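**Q** Each chain is listed here by its residues.
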Amino acid sequence: MYFEKIADIVRHHLALDESIKITPESSLKEMKIDSLDVVEIIMKIEDAFEIEIPDEKLHEFHNLGDVANYIKSVKES
Amino acid sequence: MQKRVAVTGLGCVTAFGTGKKILFDNLRAGKSAVSLISSFDTSDFKTKIAAEIKNFDASLYFPKNETRKMDRFTQFAAVAAKDALLDSKIDLEKLDKSRFGVVLGVGFGGISTILEQHKILLERGPRRVSPFGVPMCIPNMAAGNLSILFGAKGVCETVSTACASASHAIAAAARLIQRGNADIIICGGSEAPINPLVLAAFSSMQALSKRNAEPEKASRPFDKERDGFVLGEGSGIVILESFEHALKRNAKIYAEIAGAGSSADAYHITSPDPDAKGAESAMRLALLDAGTNVSEVDLVVAHGTGTLANDPIETKAIKAVFGEKAYKTPVVSIKSMLGHTLGAAAALEAVAAVSVMAEGVIPPTINLETPDPECDLDYVPNLARKAEVKCVMTDSFGFGGQNSVLIFKAVN
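So the protein sequences, as listed, match chains H and V. Each residue of the first sequence is one higher than the one before, starting from 1 at the first, in our numbering. Each residue of the second sequence is one higher than the one before, starting from 1 at the first, in our numbering.
Heads up, a few of these hints could be off.
Lysine-lysine pairs mimicking DSS-like chemistry, simulated, CA-CA at most 27 Å apart [unchecked claim]: (1) V/K409 with V/K328; (2) V/K64 with H/K21; (3) H/K44 with V/K119; (4) V/K64 with H/K32; (5) H/K72 with H/K44; (6) V/K69 with H/K21; (7) V/K64 with V/K54; (8) V/K69 with H/K44.
If you are wondering where the hints come from, they were derived from the structure by calculation, not from laboratory data. The structure displayed is predicted, hence computed values, not measured ones.
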């Protein structure tokens with residue numbers, strides 16, 4: 001459920017149509033998303049899950065699955 | 001030998017819609033674009049009217065993921081530039097991009113973005129301020145975005161002289177082409193100033209009309225009952241091109257920029273010099289630069305804001321320069337219809353000036369009902385007039401006492 005919600009945020013933010021698949025292996029870098037967009041997407045994720053992701057954590061995420069796992073670990077700990 | 005500068009494309013976004021045809025049709029018909037402001041609540045404001053662009057949607061022209069990163073003033077410029085390039089029939093694929101540039105005039109820039117992000121800062125804290133806050137609000141981003149959208153890799157500059165910005169921008173672009181620094185320049189101006197802060201600040205200066213009960217009658221340049229200007233918004237774009245380049249590709253040449261004159265009042269931050277010396281000097285310099293004199297000028301497209309101060313002082317300057325011919329030369333203010341679009345105004349006036357020459361019709365100054373003894377020229381009151389126009393002077397005067405005058409000539 002964490003991943004699905006993240007994928008929705010990314011899809012909505014970038015106005016991507018349904019033909020573009022977003023999977024846990026998708027990385028924002030590979031999707032060629034503007035670094036400034038990434039900042040806004042992270043803000044939206046933080047708002048949606050009511051958490052704060054420390055800046056240094058951001059560099060540890062390789063794909064959206066990593067983001068989902070991190071949020072799961074914070075919310076369920 | 002200086003190169004001649006051709007106008008080969010016209011584009012605009014105004015409260016009448018997008019494109020030069022809808023603009024000129026409405027100007028010719030003497031329609032007012034002024035209405036009650038709908039984009040925010042004006043209950044507490046003395047002025048509740050503007051020439052607002054309703055239902056503007058830049059995503060009809062560019063991908064939404066791009067337009068949402070642009071402030072409204074940049075969106076206007078992007079749509080107007082696309083319109084102008086289409087009109088010029090330039091094949092972007094075939095251009096030497098290093099000789100293709102952008103020079104725009106902008107008075108304010110992204111004030112709405114600043115207001116939105118400042119609200120977020122106060123209400124939600126610094127961590128929620130958008131990373132697009134800076135690239136959306138800085139005034140050079142209309143020009144920056146145009147260079148990116150159309151691949152223009154030559155000169156890319158922004159000129160800011162308040163209400164004269166677009167005129168100075170056109171003059172700067174023309175000089176670059178004259179000197180051979182570029183072949184084609186997208187130039188003009190853009191502004192989106194209709195927000196609570198700008199409305200309140202101009203209101204505090206007593207600069208705005210308060211004729212809220214009759215919005216269409218509010219902008220009345222040169223009329224005795226005028227009570228200030230009416231805010232407008234939009235963008236005007238002219239494609240400037242060296243004659244050489246335009247002729248080589250068989251482009252339609254609408255007109256040429258024959259001359260430009262620039263001066264400062266060195267008098268006051270907002271009030272024009274009552275002796276009109278700064279305005280007079282810019283007009284004389286423009287005529288000199290164009291190698292012409294007042295006998296050739298068929299029309300003056302006035303700055304004509306409808307403020308108490310501007311109109312008689314502009315009239316005085318025209319009389320000083322034109323002498324007896326002042327009374328025989330039509331002087332028109334399209335701000336009577338479009339309101340005052342500040343940094344975009346001179347660009348829309350350039351589009352209008354060139355359209356007048358092409359159409360053979362001078363649009364009227366509307367709402368001119370009660371003559372002001374201090375404004376006694378032929379302002380083409382209320383009704384358009386057929387006329388052969390081959391040479392137009394356009395006046396622009398900005399806060400800070402910064403004046404710019406352009407001379408456009410028809411090309412045989």
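**Q** Given the proposed pairing of V/K69 with H/K21, does the C-alpha separation stay at or below 27 Å?
**A** The hint holds at about 24 Å.
**Q** For the pair supplied as a hint, V/K64 and H/K21, is the alpha-carbon distance within the 27 Å limit?
**A** Within the cut-off at roughly 19 Å; holds.
**Q** Are the Cα atoms of V/K64 and H/K32 separated by 27 Å or less?
**A** Holds, because 17 Å separates the two Cα atoms, which is no more than 27 Å.
**Q** Please verify whether V/K409 and V/K328 have alpha carbons no more than 27 Å apart.
**A** Cα-Cα ~19 Å, so holds.
**Q** Just to be careful, I want the Cα atoms of V/K69 and H/K44 compared with a cutoff of 27 Å; is the pair within it?
**A** At roughly 16 Å apart (the allowed maximum being 27 Å), H/K44 and V/K69 satisfy the hint.
**Q** Straight-line Cα separation of H/K72 and H/K44 no greater than 27 Å?
**A** 16 Å, holds
**Q** Straight-line Cα separation of H/K44 and V/K119 no greater than 27 Å?
**A** Given pair H/K44, V/K119 holds - Cα atoms ~17 Å apart, limit 27 Å.
**Q** Would you mind confirming whether the straight-line C-alpha gap from V/K64 to V/K54 stays at or under 27 Å?
**A** Holds, because 18 Å separates the two Cα atoms, which is no more than 27 Å.
The structure agrees with every numbered hint stated previously.
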